[in-house]
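Q: This note's numbering applies: residue 67 is where the sequence shown begins, and numbers increase by one.
Source of the hints: derived by calculation from the structure; they are not laboratory data. It should be emphasised that the depicted structure is a prediction, and the values quoted were computed from it without experimental measurement. Every residue, glycine too, gets a C-beta built ideally from N, C-alpha and C. Some clues are possibly wrong.
[To be verified] Here are the simulated DSS-like pairs of lysine-lysine, each with C-alpha atoms no more than 27 Å apart in a straight line:
hint, residue 1, residue 2
1, Lys256, Lys160
2, Lys332, Lys223
3, Lys312, Lys218
4, Lys332, Lys160
5, Lys331, Lys223
6, Lys331, Lys256
7, Lys336, Lys161
8, Lys218, Lys273
9, Lys278, Lys316
10, Lys273, Lys312
11, Lys161, Lys223
12, Lys278, Lys212
13, Lys331, Lys160
14, Lys167, Lys356
15, Lys356, Lys163
16, Lys508, Lys498
17, Lys316, Lys266
18, Lys218, Lys316
19, Lys256, Lys223
20, Lys223, Lys163
21, Lys336, Lys167
22, Lys212, Lys266
[Claimed, not checked] So the derived label-pair ranges between C-beta atoms look like this:
hint, residue 1, residue 2, range
23, Arg493, Tyr402, 22 to 28 Å
24, Ser413, Lys336, 44 to 50 Å
25, Tyr355, Asn210, 47 to 53 Å
26, Leu120, Pro329, 28 to 34 Å
27, Arg150, Phe453, 50 to 56 Å
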Amino acid sequence: MPKIGASRSEETHNCHPGLRAGVQHWIPGQARDDDKSKAFSMKHLAIRFLQMLLILAVLSVFLFWLMLQMPGNPVDLLITSNPRIKAEDVIRLKKLKGLDKPWYVQYVRWMWGYYEPTRAPDIDPLDPALDSRPTGEEVHFLFNDKVSGGRKWFVIKNQAGLESVGTLWIDDAPPTQLAVQPIESQAIEKPETFSVNLSKFVTGDTKGLRFKLIGGSPGEVDNQGIYRWLEQAIGQRVVQFEVYNKAGDKALGAFSVEQDPIPNKKIFNKGFIFIFTGDTEAMGFSNTYKRPVWTLLKSRVANTLWLMFPAILLSLLIALPLGVLSAYRQHSWIDYLLNFLAFVGISLPVFWFGIMMMFWFAEKLQWFPAGGIESPGIWRQGYWDIFVDRLSHAVLPVIVLSIAYAGRWLRYMRASMLEILPADYIRTARAKGLSERIVLLKHALRNALIPVVTVLALSVPALFGGAVLTETVFAWPGIGRLQYDAVMNSDYYVAIVVFLISALLVMLGNLLADWLYIIIDPRVRKS
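Please put together the full structure from these sequences, using the hints given.
A: Given below as structure tokens:
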């Protein structure tokens with residue numbers, strides 16, 4: 067028993083050694099509890115990671131459906147740019163792109179992949195080039211090499227069995243009373259409503275025309291020349307027919323009919339999910355920039371990171387210490403001034419503030435470039451010159467991007483510190499004679515950072531995808547500008563990938579916040 071009236075230091079000295087201040091003493095079961103808390107923490111993070119994957123999967127479905135509801139798919143854009151395009155070409159293009167299928171089928175094709183449709187052989191009507199066809203294509207003439215109406219009809223067939231019909235004009239062929247002009251390939255959307263008027267392609271004496279299918283051609287044709295396709299089939303096949311007029315003259319003709327494209331089993335286009343196997347081409351191809359999405363994102367992400375990290379660092383260096391100072395000097399002139407500046411930073415419109423910065427520092431003072439990421443031709447200089455040039459281009463957008471976030475984070479830091487400073491353990495630390503610096507930085511700041519961590523972690527994805535206005539004002543080629551251009555130009559693959567990256571960063575921010583909670587707050591580890 068310690069003596070009555072002994073000092074506190076003597077009492078501590080005389081007690082059990084394991085209870086002395088600053089001495090770590092092993093207690094039975096303590097290591098087991100620490101192991102359990104670590105296991106629980108890892109289990110919690112693993113559950114959050116699985117939840118993140120599930121949310122991403124659901125979000126990808128919603129984003130894909132939403133993008134399909136937007137007007138302006140690739141075929142529609144082709145129609146508007148070429149109003150003379152034929153309806154048959156539109157049907158065929160939609161089938162080749164899979165745009166004629168339900169949205170959920172299109173989603174599976176985008177996520178998992180699909181076999182590349184085999185195209186029918188191309189025939190140039192001016193120069194068929196029969197002697198120099200690609201390997202695997204067969205050429206044979208129809209109607210036993212007969213010339214009909216000054217033309218010789220032929221068929222080109224590829225390895226998949228798709229057939230295209232063409233004609234050769236024979237200059238020294240004798241004139242005839244009846245002839246069939248070349249007929250373009252026909253695309254079938256619905257067999258029950260498909261028909262072709264063959265009489266439109268017949269020239270010469272067209273009185274009393276009669277038509278007949280030959281060569282085992284599918285479908286049927288009536289005496290008025292209306293041809294109908296009556297079967298369900300895939301691929302492109304040749305239809306041959308002969309036509310007679312009232313005088314008994316005869317002409318031959320042929321054309322190809324395509325109902326559904328044949329998938330090429332040798333060529334599989336991998337879907338978006340294959341990016342997890344390292345296949346960067348699975349992200350797709352940009353219709354606007356005519357480049358793979360991965361190649362496009364690689365340069366844009368680097369540009370955004372070059373802008374984002376300095377902005378985050380500058381915001382933290384401004385907000386955290388000033389927030390602590392504002393809370394510590396509450397109701398002083400410093401507190402009022404910092405709050406006023408924080409509200410100004412939050413309220414400033416980014417586009418207006420960016421233009422004002424450009425006007426004063428780029429136009430009037432000419433200290434920094436007005437926009438862009440680098441000066442033309444700087445790549446010919448050395449590494450140091452390139453670095454200084456890029457740094458000068460980044461100064462203005464970094465300041466604009468960081469001011470607004472610094473104002474928000476300052477307010478959060480101030481509010482959190484104001485909740486901590488009146489706490490009992492802060493008064494106890496001061497009563498023990500600890501310096502004010504240790505009380506603020508070791509006891510108050512660490513606990514005040516706990517709610518601020520959430521705000522900071524969730525601000526990272528906002529800086530990544532929310533710098534659209536800043537990048538637009540300063541012509542900075544980053545992810546934000548790319549996302550805006552992709553939506554405006556209906557560049558589906560780019561837009562979906564950028565949206566998913568932004569969503570992934572939001573969830574990684576939450577995961578980072580949980581991890582930081584475990585590090586900062588021991589109560590979370592033991593809960």
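Q: Determine for every hint whether it applies to the structure shown.
A: Taking the hints in turn, this is what the structure says about them:
For the hint pairing Lys256 with Lys160, the CA-to-CA distance comes to about 14 Å; that is within 27 Å, so the pair holds. This hinted pair checks out: Lys332 and Lys223 have alpha carbons roughly 18 Å apart, not beyond 27 Å. The suggested pairing of Lys312 with Lys218 holds, with an alpha-carbon distance near 24 Å, which does not exceed 27 Å. Among the hinted pairs, Lys332 with Lys160 is consistent with the structure: their alpha-carbon atoms are about 22 Å apart, no more than 27 Å.
Under the criterion of a C-alpha separation no larger than 27 Å, the hint pairing Lys331 with Lys223 is consistent with the structure, at around 18 Å. Under the criterion of a C-alpha separation no larger than 27 Å, the hint pairing Lys331 with Lys256 is consistent with the structure, at around 25 Å. Between Lys336 and Lys161, the direct Cα distance comes to roughly 18 Å. Compliance with the 27 Å bound is thereby established for this hinted pair. At most 27 Å may separate the alpha-carbon atoms for a hinted pair to count; Lys218 and Lys273 meet this at roughly 24 Å.
Between Lys278 and Lys316 the CA atoms are separated by roughly 11 Å; this keeps the pair inside 27 Å, and the hint holds. Simply put, Lys273 and Lys312 have alpha-carbon atoms about 6 Å apart, close enough for the 27 Å limit, and the pair holds. Straight-line distance between C-alpha atoms of Lys161 and Lys223 comes to about 20 Å, which keeps the hinted pair within the 27 Å bound. Taking the CA atoms of Lys278 and Lys212, the gap is about 17 Å. The hint holds against a cut of 27 Å.
Distance restraint check for Lys331 and Lys160: the Cα-Cα separation of roughly 20 Å lies within the 27 Å cut-off, and the hinted pair is therefore satisfied. The suggested pairing of Lys167 with Lys356 holds, with an alpha-carbon distance near 25 Å, which does not exceed 27 Å. At roughly 16 Å between alpha-carbon atoms, Lys356 and Lys163 fall within 27 Å of each other, so this suggested pair holds. Between Lys508 and Lys498 the CA atoms are separated by roughly 14 Å; this keeps the pair inside 27 Å, and the hint holds.
Taken as a hint, the Lys316 and Lys266 pair is honoured in the structure, with Cα atoms around 16 Å apart against an allowance of 27 Å. Between Lys218 and Lys316, the direct Cα distance comes to roughly 15 Å. Compliance with the 27 Å bound is thereby established for this hinted pair. With a C-alpha separation of about 24 Å, the suggested pairing of Lys256 with Lys223 holds against the 27 Å cut-off. A distance of roughly 22 Å separates the Cα atoms of Lys223 and Lys163; the hinted pair therefore holds under the 27 Å criterion.
Between the alpha carbons of Lys336 and Lys167 the distance comes to roughly 18 Å, so the proposed pair stays at or under 27 Å and holds. The straight-line distance between the Cα atoms of Lys212 and Lys266 is roughly 22 Å, inside the 27 Å bound, and the hint therefore holds. Hint check: Arg493 to Tyr402, Cβ distance near 26 Å, so the stated range 22 to 28 Å holds. Checked against the given bound of 44 to 50 Å, the beta carbons of Ser413 and Lys336, roughly 48 Å apart, stay inside it.
Our hint of 47 to 53 Å for Tyr355 and Asn210 holds, since their Cβ atoms are close to 52 Å apart. Here the CB-CB span from Leu120 to Pro329 is close to 31 Å, well matched to the stated 28 to 34 Å. Distance hint check for Arg150 and Phe453: the Cβ-Cβ separation is about 52 Å, which falls inside the suggested range of 50 to 56 Å.
Consistency with the previously given hints is maintained throughout, with no hint failing.
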